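Spelled out, the chains give:
4 protein chains.
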Amino acid sequence: MLFRTDMAVERRDIYREANKLEDEIPGVDYKEEILSDTIKVTRVKILDEQGEKALQKKKGLYTTIDVKKLNNITTEEEDKIIDIVSNELRKIIEKHVVKQDEVLIVGLGNLYSTPDSLGNKVVKNVEITRHVKKYFPQFIDSGERSISAICPGVLGTTGIETYEIIKGLVENIKPKMVLAIDSLASKSIERISNSIQISDTGIVPGGGVSNARQELTEESLNVPVVALGIPTTLDAATIVIDTLKMCNQQNVNEKDIIDKLTLNNFNFIVTPKEIDEQIEAMSEIIGDVLNNTL
Amino acid sequence: MLFRTDMAVERRDIYREANKLEDEIPGVDYKEEILSDTIKVTRVKILDEQGEKALQKKKGLYTTIDVKKLNNITTEEEDKIIDIVSNELRKIIEKHVVKQDEVLIVGLGNLYSTPDSLGNKVVKNVEITRHVKKYFPQFIDSGERSISAICPGVLGTTGIETYEIIKGLVENIKPKMVLAIDSLASKSIERISNSIQISDTGIVPGGGVSNARQELTEESLNVPVVALGIPTTLDAATIVIDTLKMCNQQNVNEKDIIDKLTLNNFNFIVTPKEIDEQIEAMSEIIGDVLNNTL
Amino acid sequence: MLFRTDMAVERRDIYREANKLEDEIPGVDYKEEILSDTIKVTRVKILDEQGEKALQKKKGLYTTIDVKKLNNITTEEEDKIIDIVSNELRKIIEKHVVKQDEVLIVGLGNLYSTPDSLGNKVVKNVEITRHVKKYFPQFIDSGERSISAICPGVLGTTGIETYEIIKGLVENIKPKMVLAIDSLASKSIERISNSIQISDTGIVPGGGVSNARQELTEESLNVPVVALGIPTTLDAATIVIDTLKMCNQQNVNEKDIIDKLTLNNFNFIVTPKEIDEQIEAMSEIIGDVLNNTL
Amino acid sequence: MLFRTDMAVERRDIYREANKLEDEIPGVDYKEEILSDTIKVTRVKILDEQGEKALQKKKGLYTTIDVKKLNNITTEEEDKIIDIVSNELRKIIEKHVVKQDEVLIVGLGNLYSTPDSLGNKVVKNVEITRHVKKYFPQFIDSGERSISAICPGVLGTTGIETYEIIKGLVENIKPKMVLAIDSLASKSIERISNSIQISDTGIVPGGGVSNARQELTEESLNVPVVALGIPTTLDAATIVIDTLKMCNQQNVNEKDIIDKLTLNNFNFIVTPKEIDEQIEAMSEIIGDVLNNTL
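Protein chains in written order, with the working numbering: chain A, 20 to 313; chain B, 20 to 313; chain C, 20 to 313; chain D, 20 to 313.
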């Protein structure tokens, strides 16, 4: 099964639909919470190997906060959403670190490719404290957490796997947790720039766009890896298939479409026209969330 | 007929196919020149009102230079292409201005939206001389042409029609020609970042993406308007329809697809993954072309 | 007298010191208001030709809000400052326009030179409404003001005087007021990124850095011109002279220093190391001020 | 002795002048080569501990290529300079690696501070091959060198010493040489954006601007470290002192000036007005040099 999405909640939907399940997928637990007219939180918990196999994602909790028109909201609504996301993130972080434990933030993606630049831009908005605590402890509240950050770049522009960079760094500076920020692929037009997925299962850089890399996980790095991502692109197959479904063309052969696109070396992405602006807005919101939570 | 492309050569193909024409479209003249394995020049000349009506473009010559893999070439190939495009542009310019006549370059589009930023970035690469000729004539060869440039921004971020800005400026500084640089929409995946269209018929800012604005033409501005554009986006309907054709789905209803996309307020664009990089490369090439030609 | 500063309040100080005045300069009125430990508002009113001649600035009110460490403040302090600046700006605007009168914002300066990019970046943060009011009045509260904006670029990159661009535009779209945003030169290290000057006397683009251009004023444009500026650079002579004064070198010959710097074609600027970051922060603050006030 | 410059050739001049030496500094060898009206190559060789102590730089060869108006040259002159710098770099590199040995390029500095962004921007212009050689060897000439690159950021935005990032990475990917690219501080106005210094003695990130960090050298990393730098800033003290000398003020007390500037927490830099543009041009030139040489 080829999911073409990084979002656990979408994979669950696709799997249930494809397998015509009315009950929950064995090995998966699902909860939904409507917080307001515009905010919904869903929790997909992958419980065991059976669930892992079904959704092709690691065991653990995947929380998704869906916001209608996240990219076009008032300051008040923004504050509310920052609160909600901060709470969800805090719940997950508190399982792994206590108050002052050092956290290393990893801003994944390519600064020079707009829809993939979220991780880099979030890092720019986060308050870094590790060097102050280390060299000028007199200037910082002793209860403050030590926070560092790195943007390792992408394989295509560095020639180096993200894992190769982070592995050595984690061994050298010994944080108690890694928090990875990334752009995701979604298969739903509505989720682009409107959803936030948080999990504590680590991350496979570039995972959603077919060029999988060595994973950043607790197994590979020996520290817990929490991931926060926002979908910023659809793949080309998704938009073709979704449109055909909207047109009630029942005889769509998904596999055929994907094969043809691959065959033609079709390396295109689909983004909202306003993606540059949305990435700016999202990276400020997530920056505030991290500054709140850490 | 809805063309969903700014390229005259594509409109001609669509029109002939839709009308099952074997001969040329009445009112249109067409020529093709293969310059090398990788470079092809086509010339669509709209001769009269009949041709205008068929292709929904103004009377005049539309030259297209198609380059295979323009975005991934050696320095030598690049120099060759700059020569070819410079020659084509020179032919068109020389109909309208003589050696020292002042030219105003207009960089259309939105600097803050990557696929639409070409015009702004080309202007950054052009050598401006008007102020030197005017205030420091001793520092410049007296045979040099006077060149000025402006990036008026887009309606969505200025609240002002491009025409409203350019109209007053042309009246004030009185150039002998306007040369407008723009990003175009194409309906062909291969043409994205691989084609250059030059015409002397003026331009309708935002023309290809449904939000038409007041045109920049010789009629509206009282000076000749030459336009140079590069396709940087496909629209969403194009990719759906093209893919279905690749899959030999004969029963595709184009109108239905477009209606559904419009109904769902589907404001997405399709670009190559590497569009940020391609725009940089293209704007350097076109900058060189303009510096050569003017 | 060569002031090397765009700030009226600094020119007053320099003039009084140079002329050893204990009373106010004839033709000038001065008021100071301490709002808090960190915020001071000063008002220099040039009353007549005598004052104009002394300070080499046009008749009218120049309000300066000085904030200690404006570039490093809490969100609460930021909100307070936005309020204060909004109030000062409102007082000046209300002299010239009533509720719904159209305002044209002009973002002066060069986007591609960091310390000079403030005007461009503020425009990016302002809500533009003119096109909505004009084309989609159903989507906007009818009491809302019509706001448009343009970034004309600088003479060096356009070859066109700012005045030549704005003149025609004002005639075409007929706003009731122009609000110009600009980076200023200051002669005080403490004011860089820490002060805001508002006046209703118009502006001379590039005025503080020796390459004076045609002015944007009510006389030249036939609409009132309010200017809001923030100092972002010192000139080289300032830093030399200030340092010598700190070292109690009484025998400094200012004229000699400036002559030597000019002779050596010394085209350098002095900015804080963190100027990139400060410009971002300032442009968000001023964007909020404009959205509040207009 | 406080040099306030990263350039060995300037330190030699300062030391000789301060010590009124007519002969060469003991422990230092100096050679000068005039290549043309506009290009001069100087070689400062620090031979032993005595030379190290005098110039406060590590033993080894420091080659400086000075170009008059490097930032404003014709394409032909540019090609010539790229050739000259490539030759100098090649001489140094060939001492340490043979044809196919892997090289790791380290782009030092802060992308978000214009005068400090050179290293990041050069990396953007370099052709990276390591991942192609590793994962798709069929697409690359087997004689091609393996090249990777990283931009580690600066302590202020990552909280992590550059050394801590590079140390682990070098251990993981085991390059045969590190090539570090950095912006330098100079004490000469003429050298800003006009000089290139190459050495094989490693680098102290942030070395010239008072906040010294753990060094990147063969001793600390166990691989040779070649450094290429371009001066992009003067410090404030330099400009004060230089101007006074131009004014023939003999009684300047350098120490007093520096103390006063430090006391007033004067964290300003001096750059050419056109620094944004110059950094772009320099990073393309150095990108070409690296692509030529490696």
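Treat each hint with caution, since some may be false.
Which copy? The list can't say, so a pair holds if one copy fits it or any two copies do.
Unchecked claim - Once the Cα atoms are required to be at most 30 angstroms apart in a straight line, the calculated DSS-like pairs of lysine-lysine come out as: (1) 153 to 292; (2) 152 to 88; (3) 110 to 264; (4) 292 to 77; (5) 264 to 292; (6) 118 to 193; (7) 88 to 72; (8) 39 to 87; (9) 186 to 78; (10) 88 to 153; (11) 292 to 186.
In case anyone wonders, no lab produced these hints; they're calculated from the structure. Remember, predicted model here, so these are calculated numbers, not experimental data.
Comparing the hints with the structure gives:
| no. | hint | in the structure |
| --- | --- | --- |
| 1 | 153 to 292 | between (44 angstroms within a copy, 22 angstroms between copies) |
| 2 | 152 to 88 | between (39 angstroms within a copy, 22 angstroms between copies) |
| 3 | 110 to 264 | neither (38 angstroms within a copy, 49 angstroms between copies) |
| 4 | 292 to 77 | between (33 angstroms within a copy, 28 angstroms between copies) |
| 5 | 264 to 292 | both (23 angstroms within a copy, 25 angstroms between copies) |
| 6 | 118 to 193 | within (16 angstroms within a copy, 37 angstroms between copies) |
| 7 | 88 to 72 | neither (33 angstroms within a copy, 40 angstroms between copies) |
| 8 | 39 to 87 | within (28 angstroms within a copy, 46 angstroms between copies) |
| 9 | 186 to 78 | within (22 angstroms within a copy, 33 angstroms between copies) |
| 10 | 88 to 153 | between (41 angstroms within a copy, 25 angstroms between copies) |
| 11 | 292 to 186 | between (37 angstroms within a copy, 28 angstroms between copies) |
Violated hints, listed in ascending order, are 3 and 7; each of the other numbered hints is respected by the structure.
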